[in-house]
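Asks: Chain by chain, the residues:
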Amino acid sequence: MSAIRQVAIVSLLNFRNLRQRFWQSLVIVAGMTCVSGVLLSLLAVTEGMQEAYRNTGDPRSVIIVSHGSLREDNSSIPRDQARIIMNAQGIAKAADGSPLSDSGFVAGLPVPLKKNGTTSYVRLITFGKAGVALRPTFHLVAGRMLRPGTHELIVGTLAQSKFKGMAVGDKVTLPNGQWPIVGMFATGDLLDGVLVGDTETVLQAMRHNSYNTIVVRLASPDGFAAFRAALTHNPLLTVDVMRLTDWNTRISADTAAFFHVLIYGVSIILAVGALFGCFNTMYAAVESRGREIATLRALGYGSFAVALSVILEASALSVAGALAGAMIAWTLYNGVQGSMGWDFFTLTVSPAMIGMAVLWAIAVSVFGGLMPSLRAARWTVADALRAR
Amino acid sequence: MKYFPLIWAALRRKPIRTGVTLLSVTVAFTLFGLMIGLNATMDMMAQRAHADRIWTLARFETTGLPITVAREIAKLPGIRKNSVMTYLQGYVGDPKNRAFVLFFDDEYGNIFPDQVPPRQADLIRHERTAVVMNRMAADSLHKKVGDRFTIISPQTSRADGTKNWPVRIAGIYDDIAQFPGPMISGNYAFYDESVPLAEQGKINEVDSLAADPAQAPALAERIDSLFANSGSPTRSQTEKQIFSQGFGDIDAPALTRKIALIGLLMLVLLTANVIAQSVRERLAEFATLKAFGFSNARLVTLVVAEAAFPCILGALCGISLARWLALQLPTVLPPGTGIPAPTMTSTVFVWALACACGLTLASTVLPILRLSRLDVAAALSRYA
Chain H
161 MSAIRQVAIV
171 SLLNFRNLRQ
181 RFWQSLVIVA
191 GMTCVSGVLL
201 SLLAVTEGMQ
211 EAYRNTGDPR
221 SVIIVSHGSL
231 REDNSSIPRD
241 QARIIMNAQG
251 IAKAADGSPL
261 SDSGFVAGLP
271 VPLKKNGTTS
281 YVRLITFGKA
291 GVALRPTFHL
301 VAGRMLRPGT
311 HELIVGTLAQ
321 SKFKGMAVGD
331 KVTLPNGQWP
341 IVGMFATGDL
351 LDGVLVGDTE
361 TVLQAMRHNS
371 YNTIVVRLAS
381 PDGFAAFRAA
391 LTHNPLLTVD
401 VMRLTDWNTR
411 ISADTAAFFH
421 VLIYGVSIIL
431 AVGALFGCFN
441 TMYAAVESRG
451 REIATLRALG
461 YGSFAVALSV
471 ILEASALSVA
481 GALAGAMIAW
491 TLYNGVQGSM
501 GWDFFTLTVS
511 PAMIGMAVLW
521 AIAVSVFGGL
531 MPSLRAARWT
541 VADALRAR
Chain F
380 MKYFPLIWAA
390 LRRKPIRTGV
400 TLLSVTVAFT
410 LFGLMIGLNA
420 TMDMMAQRAH
430 ADRIWTLARF
440 ETTGLPITVA
450 REIAKLPGIR
460 KNSVMTYLQG
470 YVGDPKNRAF
480 VLFFDDEYGN
490 IFPDQVPPRQ
500 ADLIRHERTA
510 VVMNRMAADS
520 LHKKVGDRFT
530 IISPQTSRAD
540 GTKNWPVRIA
550 GIYDDIAQFP
560 GPMISGNYAF
570 YDESVPLAEQ
580 GKINEVDSLA
590 ADPAQAPALA
600 ERIDSLFANS
610 GSPTRSQTEK
620 QIFSQGFGDI
630 DAPALTRKIA
640 LIGLLMLVLL
650 TANVIAQSVR
660 ERLAEFATLK
670 AFGFSNARLV
680 TLVVAEAAFP
690 CILGALCGIS
700 LARWLALQLP
710 TVLPPGTGIP
720 APTMTSTVFV
730 WALACACGLT
740 LASTVLPILR
750 LSRLDVAAAL
760 SRYA
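Residue numbers (the working numbering), protein chains in the order written: chain H, 161 to 548; chain F, 380 to 763.
Worth double-checking, as some hints may not be accurate.
[To be verified] Covered stretches of chain H (chain F as the covering partner; in silico rule of three or more C-beta atoms under 8 Å from a C-beta of chain F):
| # | stretch |
| --- | --- |
| 1 | 262 to 276 |
| 2 | 287 to 298 |
| 3 | 436 to 444 |
| 4 | 471 to 484 |
[As the list claims (entries may be wrong)] Computed far set for chain F versus chain H, every beta-carbon distance over 10 Å:
| # | residue |
| --- | --- |
| 5 | Y382 |
| 6 | R438 |
| 7 | P533 |
| 8 | I555 |
| 9 | R614 |
| 10 | I691 |
| 11 | V729 |
Please keep in mind that the hints were generated in silico from the structure rather than gathered at the bench. These numbers come from a predicted model, not from an experiment. Here a beta-carbon is modelled for each residue, glycine too, at the ideal position from N, C-alpha and C.
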């Protein structure tokens, strides 16, 4: 009899009499449900945030920040450097022949949340002449576009729904007065959660004289290496040059890494608890079926088949638990609106995350089931038959 | 007490099972301790926050505040002292080695003696480029007292056009729980003289001390209304208010409580199962005891005591382990997170013990019901 066939038969036998051990087996399922439920619910936040960052930014765009900046708001590009960068070679041209490059500024504005009226910060970003052209998904959904040079703002759909006083026609307080919102836009990415103003006008209001970032579109996607080399080797500039998508990925990965330490820490502790539960249950299962196992062994089933069947049973229960936990996390959180700082995004429980929870379940059951399975395998037939 | 041998024998009957149960209780209470301990730390920080300290920032952070704001605040009746502070964000060597420096004036050390030890504040008073830092900052930058190094700030240029800020470490002090995370402090005069002329006299924060803590919230509002229509509107809050707000949108206490609760729920199932199994296996034993004349109440006591052993011992072990882990946490977590280490206060301890007792009772309910309905004759005959 082949080993695989043996394993299959013994496992089938195990599953058939699972009903008699229903409550005990439930411990493994419930334990893993907790682990995977907590893990996936918490990860849904960081995953949603990272997903939002990954989807933001035109892949053809390149961002320039001052050397060593980790975020947009701690980058600073003086005007003299900006002029060189914005007219560098390799940048795509607009219809009128001007380069598709735009300098931008970010700031936080204190505004009350719709939810509870507490003051939070909405992100204000700025567009220059090429601002709209560099963001292909940008479109107005209400009102009109802001006029450069005037104290006007446009609002993203999500920012409008999150903060008070953000409807078209409302006024937002800036350091130099009340700026009306003249339009509402949508981009389908993180920009939906921001306010947009005109770069030079906002800079003046905020009493700043340097930009945070410059975004350009390259004439050819292959031109990136040469473009970057030209800027980073220019002795007049001290800048970092990155594809916009890479920059966004890096920012979100930095934020997520911090939360991941906490999330995985908590989940690992829970998983160790589940592992002990699995161990106890499988141990009891093996002990209570001592005679059955001995009979199998006497009939010629190998100890390997018996041992493996124990682990398989634990895995099946554990995976069922992980899937149940994933289901709970998915129902509760997938597609829910979330926020982190001033980023607004949709929480995500992705198939890859569920796959990871299943892998965790298998690991927990293999480690938890290992000792009981060895115990089952090591029993001599005579001893086991004598056991009560 | 005289039944102790009975309980002990029951526990030793399956030593592996007892051991694993104990371990799982320990693990669950470690999580419990860390989570509830974190809440305890945050509560403690909110409690320790000074009600008389007012932090005034620019309402629009990017604009900063002119230093005259501090002078105007000092004139307000009810303000005892005030000081100015500005920040420098940068890195040392590689952008990953972040350095965040607070540059403040002489008065700051008197207002925040609990944030920067006064003797350390003295060290930067007389030396322009001196900085002092806490242990965490020194460790993360691998620096010791006397080291000179340069902080590169991508954001803030100096008058000479560079972004390089040379400093010397004048002192290193032990981390202060109330202000977690790496902290570097420097001399405001040095900062102010180093930036271009157009940027001089700009600050990020004014910190004031109210003569009467009860008046502080009103004073904070007074400050904001004073500058409401100026070119530099402010946003003032007492330290108490700031520390009571928690972590922005995330309701941290609710989240940690939920996680601790899930851990305990998992544990109830697990121990309930173990106890039920142990009772089931020994039904004949219990029947014998009953036949000897043991009352139901006495049997219940035996089962509860048997369950209480791993639950309470495990809770104690778990809290101890959590306490040890909490001490290691600052070295494991990446620096700069500002997440405080959990504290195992007596409240956490009492909660853990209460939960351990609850756990014991919850996991013995079903076995006890079964025992009280036990038919002595049937049990004895079936297992004889």
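Asks: Work down the list of hints and note, for each, if the structure agrees.
Replies: Hint check results:
A count of 4 residues in the stretch 262 to 276 of chain H with a Cβ less than 8 Å from any Cβ of chain F is obtained; the coverage claim is therefore met, three being the minimum. Counting residues of the stretch 287 to 298 of chain H whose beta carbon lies closer than 8 Å to any beta carbon of chain F gives 0, which falls short of the minimum of three for the stated coverage. Coverage of the stretch 436 to 444 of chain H by chain F holds in this model, with 7 residues showing a Cβ closer than 8 Å to a Cβ of that chain against a need of three. Only residues whose beta carbon comes within less than 8 Å of a beta carbon in chain F count, and the stretch 471 to 484 of chain H has 0; fewer than three means the coverage is violated.
With a closest Cβ-Cβ approach of about 25 Å to chain H, F:Y382 is found to remain outside the 10 Å limit, as its non-interface label requires. Listed as a non-interface residue, F:R438 fails to keep its Cβ farther than 10 Å from every Cβ of chain H; the least gap is roughly 6 Å. A cut-off of 10 Å between C-beta atoms contradicts the statement that F:P533 is not in contact with chain H; the least separation is 4 Å. No beta-carbon of chain H is positioned within 10 Å of the beta-carbon of F:I555; the least distance is around 21 Å.
Interface exclusion of F:R614 from chain H breaks down, the closest Cβ pair being 7 Å apart, not more than 10 Å. At roughly 17 Å, the least C-beta separation between F:I691 and chain H is larger than 10 Å, which holds for a residue marked as non-interface. Under the 10 Å C-beta cut-off, the non-interface status given to F:V729 relative to chain H holds; the minimum distance is some 22 Å.
When the structure is compared with the earlier hints, violations turn up for hints 2, 4, 6, 7 and 9 and for no others.
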